[in-house]
Amino acid sequence: MDNFINQIGLYALPLSGSTLLAYGVYQLILDLRKSDQKRVLDRLTDRVRSEERKSADSILRRRYEPKTAISAALAKLSVVAWLQRALDQACIEWSAPRALLNLVTLALFSFVGLYMLQWNPIVAACIAAAILLMPLVVIHVKRKMRLNRMMNQLPDVFELMSQALRAGHSLANAIQLVGQQLPDPAGTEFAIVFQEQNLGVKIEDSLKNMADRLDLMDVRFFVTAVLIQRTTGGDLAAVLDNISAVIRDRIKLFGQVKALTAEGRLSGWVLFALPIAVFGMEMVVNPDYGRVLLEDPIGRYCLIGAGVSQLLGLAMIQKIVNIKV
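If you want the numbering used here, it's the position in the sequence shown, counting the first as 1, plus 15.
What the hints contain is simulated information worked out from the structure, not anything from laboratory work.
Since the model is a prediction, treat every value here as computed from it, not as a measurement.
Ideal Cβ positions, reconstructed from N, Cα and C, are used throughout, including at glycine.
Relax, there's no trap hidden among the hints.
Computed Cβ-Cβ distance ranges for the label pairs, DEER-style: (1) D227 to Q196: 22 to 32 angstroms; (2) L148 to Y304: 28 to 38 angstroms; (3) L121 to K334: 29 to 39 angstroms.
Full structure from sequences and hints, please.
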């Protein structure tokens, strides 16, 4: 049975390597073709862009560029749509179908390679799963940090727009001013809205795209206020001032809640790290005692169960202390 599995791995490794090489060449050709699409988009926008707005340009190029058959098929999957939204929210210049294909290919290739090196199949599968999941964790962390920065910037955004409207500027000019004056993420997101208008998209649709892209309640309030004002009329500057004041109060309250729940969050991380630290010390002080958990089949199952329990406990504690404001 082992010889049969080894023969399968022996044939699978060259096949995986050749597949990975062919996929890399395909992506290289695709990148070379995209340079022409970039020049076309630059001519359409007809303006010189600064380094701070490259992320906005990349999102627009990714949205309007033609898709391959594989990308079009993968784009219909809900997980790909979720990943694309997370990439946009994290301002990472990746295409979700491409990123998913790259991660899955790398994970499979890593598993086959480790198995051919006589690694334990369970360990090889865990490493391959970690290779697949770690980039997703990084994307989630960057997304969360960027959305928090966006939420903290919103009061300044609305105050700047309110002042611009009172000075006689149009809504489009106020959006352009925010895109030019404020740093990422607010500047980048509003620059995308302004550039979409230059490409012929209605301002209402551009604002709805931003609300869907960011998925922040405060941004949806702003978009709803703008849509109502453009339909029924009213003082948009005063509405923006009110929204800005409400957001500032909510940010202040959120900071107080975060300070009050800091002890609970720290307790969760301590309880999560303590068994790992104790096991590491045990492997240093008395390796024979700790090696039983690694070598004995029952010990390995105990480690897996303990790891799953630790993750569930950490998730439950974080859920308890994560109070919505």
